[in-house]
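K.L.:
Sequence:
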Amino acid sequence: MMRENSFLKYFMLAAGAAEIGFALWAFYYHYMCMDHVEHIHAAWLVWQGQVPYRDFFEHHNPLFWYVLAPFVAAFYKNALVLYAARVVSLGFYIFMFAGFYKLCREFLAVSKTVFGLALLLYFLVYDNYYLLFELQPDAAMWGCFFWGLVYYFRFIGAGAEGKGSDIRKAYLLFMASFLFLQKILMLLAILGGYTLYLMRRRRINCRAVWQELAWPAAVAAAFLFWLHYTNSWDLYFIYNYDLNYWMQEFMGDARILQNWLVVGALPLAAILSLHRFLDSRNLYRELLAGLMFLEFIGKMAVGAPYVQYFIFSNLVSALIAADYAVGQIRLKMVKLLLLAGAAAGIVLLWRHPPNTQFPRYYLVQDYITKNSRDNEPIINTVYFFFNLYGRNPSYYWFGYGNVAQAAYYLYGVDEKFDLNRAVRENMPKFVYAVEYINLMGASNKDDLPAYRENLQKIWEKLPEKKESRSDFVKRWTTVSFGWPDYNFLKVHYMLTPYPPLLVRRDLAGGAGMQPAGSKGVLPAGRAEFRVKE
1 MMRENSFLKY
11 FMLAAGAAEI
21 GFALWAFYYH
31 YMCMDHVEHI
41 HAAWLVWQGQ
51 VPYRDFFEHH
61 NPLFWYVLAP
71 FVAAFYKNAL
81 VLYAARVVSL
91 GFYIFMFAGF
101 YKLCREFLAV
111 SKTVFGLALL
121 LYFLVYDNYY
131 LLFELQPDAA
141 MWGCFFWGLV
151 YYFRFIGAGA
161 EGKGSDIRKA
171 YLLFMASFLF
181 LQKILMLLAI
191 LGGYTLYLMR
201 RRRINCRAVW
211 QELAWPAAVA
221 AAFLFWLHYT
231 NSWDLYFIYN
241 YDLNYWMQEF
251 MGDARILQNW
261 LVVGALPLAA
271 ILSLHRFLDS
281 RNLYRELLAG
291 LMFLEFIGKM
301 AVGAPYVQYF
311 IFSNLVSALI
321 AADYAVGQIR
331 LKMVKLLLLA
341 GAAAGIVLLW
351 RHPPNTQFPR
361 YYLVQDYITK
371 NSRDNEPIIN
381 TVYFFFNLYG
391 RNPSYYWFGY
401 GNVAQAAYYL
411 YGVDEKFDLN
421 RAVRENMPKF
431 VYAVEYINLM
441 GASNKDDLPA
451 YRENLQKIWE
461 KLPEKKESRS
471 DFVKRWTTVS
481 FGWPDYNFLK
491 VHYMLTPYPP
501 LLVRRDLAGG
511 AGMQPAGSKG
521 VLPAGRAEFR
531 VKE
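In this note's numbering, the protein residues as written are 1 to 533.
You may find that some hints are simply not true.
List of simulated lysine-lysine pairs, DSS-like, C-alpha gap at most 27 angstroms [stated by the list, open to error]: (1) K370 x K465; (2) K299 x K102; (3) K169 x K102; (4) K102 x K112; (5) K102 x K163; (6) K77 x K370.
Hint data in this document are derived by calculation from the structure and do not stem from the laboratory.
Start from the sequences and build out the full structure, keeping to the hints where you can.
P.N.:
What follows is the structure in structure tokens.
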């Protein structure tokens, strides 16, 4: 059994300092996920009085935008909201880690050393760093879930003497978790089933369970009434559940095996270490491990697994592995494992160098924000979101690489999101003329053979065949929002100092605008749009 000696303490201090340094670097430099701007803009639309689903497209639960709305409004027309939102995101993660720490210390018999080592292992999965500063509702969802588990465990641990106030707080936190993001439904259903089992065996305060159920029922009723009152009922269920399910089929080869190291390394370590974690016959450990593995299996079935889908499984797996390392492995072996893990992290960063485009993106966003009028239409592209405080040119305002295309086929709403049509009808002041990454990640015509092959696979999986396979493939390879109409853009637009960002020729002489051809920032990996005068 390893002893907590100076090596481990100093190693964790050094690793913690390195992690903080890397996190500070990521805060300023690392390019953000497009979700960052999506949620800023959705919060702004909510602040303006628009209703999600009815007035603008969204496919998540709405609480996150209503919480963010006053904050986003405070930064109106200021691109610094992009950095400020990173601070907010970090705050949600601190809330999440605090709930997990409380859970570990109060119920799981986890020492501070084990918890610290678990965080170290968690962040060896380098993508988890980047999540700290990407404004997404996942951290808020998991934070509410962890704090809800604290009160739930207190309630079931007290048996028949369980306090109604504890189960009430658990109920409300679980409901808040759901209102932040619907991904939590599976775990809540499992906990609900387990609670019914405990009630059947008379192991908990059944009266309190039923009485306090009125609180989440009231919140759920209010939410359903809001959906009905705003005429959003049908659209909410279509986009949050049906579309999200089928959307995965429109993401091409983004499958679990492409991210096996990110999503599978820590759960594998947890499987190898599980016997130690469960040796103590601690009910709460058994429950948490069971929830983790069931949730992990469920997420494995998702077609396009992003790293934020696996926050829970990675965090709990890191805890299980850390508990085993501290309790069972000799110090010499722990040294080797930690050094090997640190080396692996360095190799991963070398093999997958971080994207450092955020400062460049900020400059482009600042330029657009300062030179656009109130309520002016701003059109997003596939992986570049620029509409912070502008007007949406159409109901579908993002997700042209998968969401909108899935909606096109499933619901027949193609008239709402054709990019070239949106440009022609709105004539926005700015257009980002990068090739719109197509359905399968095809960025140019050379990718079409593989693109067609993936389209055939999609056709086979669709629930309803509205057309033949050949017609489906032909239409998707020629659909107009696949690539911009460069001939039209060359006539009506010219380069800004930030190519390939274009500005309308008739508006290029406005205040603050710079002449075309000046030296600007070219985002890495993107082809410059060259205008032939």
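K.L.:
A separate judgement is required for each hint: does it hold in the structure or not?
P.N.:
Now the hints, each set against the structure:
{"no.": "1", "hint": "K370 x K465", "verdict": "violated, 47 angstroms"}
{"no.": "2", "hint": "K299 x K102", "verdict": "holds, 25 angstroms"}
{"no.": "3", "hint": "K169 x K102", "verdict": "holds, 15 angstroms"}
{"no.": "4", "hint": "K102 x K112", "verdict": "holds, 11 angstroms"}
{"no.": "5", "hint": "K102 x K163", "verdict": "holds, 19 angstroms"}
{"no.": "6", "hint": "K77 x K370", "verdict": "holds, 7 angstroms"}
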